[in-house]
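Peer 1: Sequence:
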Amino acid sequence: MGHPATVTNRAGEQVEALVSRNLKTNELVAFPLSKVNIPAEKNGHTFTPDEIARLKQGEAVVCQFLSRAKEGEQPKLYPAPVQFSAAKMQLEFLFGDRGRLAMDAYKANLKQTANQEVPKTFRKQELTEKSRLELEAGGTVKVSGLVDKKGKAYQGYITWKPGEKPAFMFPKDYKAALEEGRVKPAVENEVQVAVNSEGKTVEATRNLKEALQSAQQRPTGEQKQQQERRQEQKEDRKQAQKQEQPDKPKRSRGVRR
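Going by my numbering, the residue at position 74 of the sequence shown is 57; the numbering climbs one at a time, nothing skipped.
By construction, these hints were calculated from the structure, which means they are not laboratory data.
Hints may contain errors.
Taking lysine-lysine pairs in the DSS-like style, the calculated list, with each CA pair at most 27 Å apart, reads [to be verified]:
no., residue 1, residue 2
1, Lys158, Lys107
2, Lys133, Lys107
3, Lys53, Lys39
4, Lys125, Lys167
5, Lys148, Lys90
6, Lys148, Lys107
7, Lys113, Lys125
8, Lys113, Lys90
9, Lys148, Lys125
10, Lys94, Lys25
11, Lys158, Lys135
12, Lys107, Lys167
13, Lys113, Lys155
14, Lys71, Lys39
15, Lys18, Lys39
16, Lys132, Lys148
17, Lys90, Lys107
18, Lys125, Lys135
19, Lys103, Lys135
20, Lys158, Lys113
21, Lys94, Lys144
22, Lys94, Lys125
23, Lys7, Lys25
24, Lys167, Lys155
25, Lys71, Lys103
26, Lys39, Lys7
Label-pair restraints from in silico Cβ distances [to be verified]:
no., residue 1, residue 2, range
27, Lys107, Glu10, 50 to 60 Å
28, Tyr137, Leu161, 14 to 24 Å
29, Thr31, Glu56, 23 to 33 Å
Every residue, glycine too, gets a C-beta built ideally from N, C-alpha and C.
Can you make the complete structure from the sequences, with help from the hints?
Peer 2: What follows is the structure, given as C-alpha cells:
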C-alpha cells in the first residue's frame, strides 16, 4: 500500500509521492500525490473531506461500509480499513496483518476518545455536576445507592482519568488509598433532591417513605397513591382512637348555700 515519500522522477525532479511494493514483481512503485484520486463513495460509504485528505496522504482509514444483502434482507454496516495502493493506483481494502493492525489502531482510538469526557453516570447512578467537576479536577467522589446483581445495595468511591474508565474502590480500599495519599478526600455524590437530601423534605413527598430517584422532585403516580393511602390510614386511626375513648364524666359544681 502507499506510504508518503519524496522521490526523484525521470526528469530529475523531486516530487511527493505514495510508494508501495508490487507484490508480484517485488518492485517499489511510486505514484505522485497530485494524481491520487479518491472516489466520493465506496460500498455505500460517502467519504468525508477529512477521510479523503488522510487517504491522499497514504493513511489507512477505517470506515463504515454496507454489506451486500441477499434478496429480502437489509444490508448491514460493517467497519473495514481502506488505503490507496500506489502499485494498483486505486483505493483498496486492507486484509491480513495490515488489516488487523489498522483495525486494532482504530479500536484503540475509539476507546480513548470515548473516555475523554467525564462520565455522566456510574453503574446507572447519575453523577451530579459537582461530582463531575470534582472528578475532572482529579478528585474522589463517594457514590451511594449502587445495586449489585443480587439486588443488594452498596456504596464506594470513584476516581477518573482522561482516556480511562472510572476506577472504583470499596470503602476499605479508599481508606487505605487515602492514608497513603494516593487519592483526595471524597466528595459526596448528592443525587437526591427531595427525600434523602440533607434531611430536607418537600410538601409533595412529606408522606412518602420510599426514596425518590435521581433529580426526581415529585412522586410518581404509584408513589402518590401510596402516599394518599398512608394519609387516609392515618386519618382512620385518629378517628378510631377518638371513638374508643369513653366520655369523661362532667365535674359536679356542687350546691351553693
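Peer 1: Now look at each hint and say whether the structure bears it out.
Peer 2: We went through each hint and held it up to the structure:
no.: 1; hint: Lys158 - Lys107; result: holds, 24 Å
no.: 2; hint: Lys133 - Lys107; result: holds, 15 Å
no.: 3; hint: Lys53 - Lys39; result: violated, 33 Å
no.: 4; hint: Lys125 - Lys167; result: holds, 11 Å
no.: 5; hint: Lys148 - Lys90; result: holds, 15 Å
no.: 6; hint: Lys148 - Lys107; result: holds, 14 Å
no.: 7; hint: Lys113 - Lys125; result: holds, 12 Å
no.: 8; hint: Lys113 - Lys90; result: violated, 31 Å
no.: 9; hint: Lys148 - Lys125; result: holds, 16 Å
no.: 10; hint: Lys94 - Lys25; result: holds, 26 Å
no.: 11; hint: Lys158 - Lys135; result: holds, 22 Å
no.: 12; hint: Lys107 - Lys167; result: holds, 24 Å
no.: 13; hint: Lys113 - Lys155; result: holds, 24 Å
no.: 14; hint: Lys71 - Lys39; result: holds, 14 Å
no.: 15; hint: Lys18 - Lys39; result: holds, 9 Å
no.: 16; hint: Lys132 - Lys148; result: holds, 20 Å
no.: 17; hint: Lys90 - Lys107; result: holds, 25 Å
no.: 18; hint: Lys125 - Lys135; result: holds, 18 Å
no.: 19; hint: Lys103 - Lys135; result: holds, 23 Å
no.: 20; hint: Lys158 - Lys113; result: holds, 22 Å
no.: 21; hint: Lys94 - Lys144; result: holds, 13 Å
no.: 22; hint: Lys94 - Lys125; result: holds, 25 Å
no.: 23; hint: Lys7 - Lys25; result: holds, 26 Å
no.: 24; hint: Lys167 - Lys155; result: holds, 15 Å
no.: 25; hint: Lys71 - Lys103; result: violated, 48 Å
no.: 26; hint: Lys39 - Lys7; result: holds, 24 Å
no.: 27; hint: Lys107 - Glu10: 50 to 60 Å; result: holds, 59 Å
no.: 28; hint: Tyr137 - Leu161: 14 to 24 Å; result: holds, 19 Å
no.: 29; hint: Thr31 - Glu56: 23 to 33 Å; result: holds, 28 Å
The earlier numbered hints that this structure contradicts are 3, 8 and 25.
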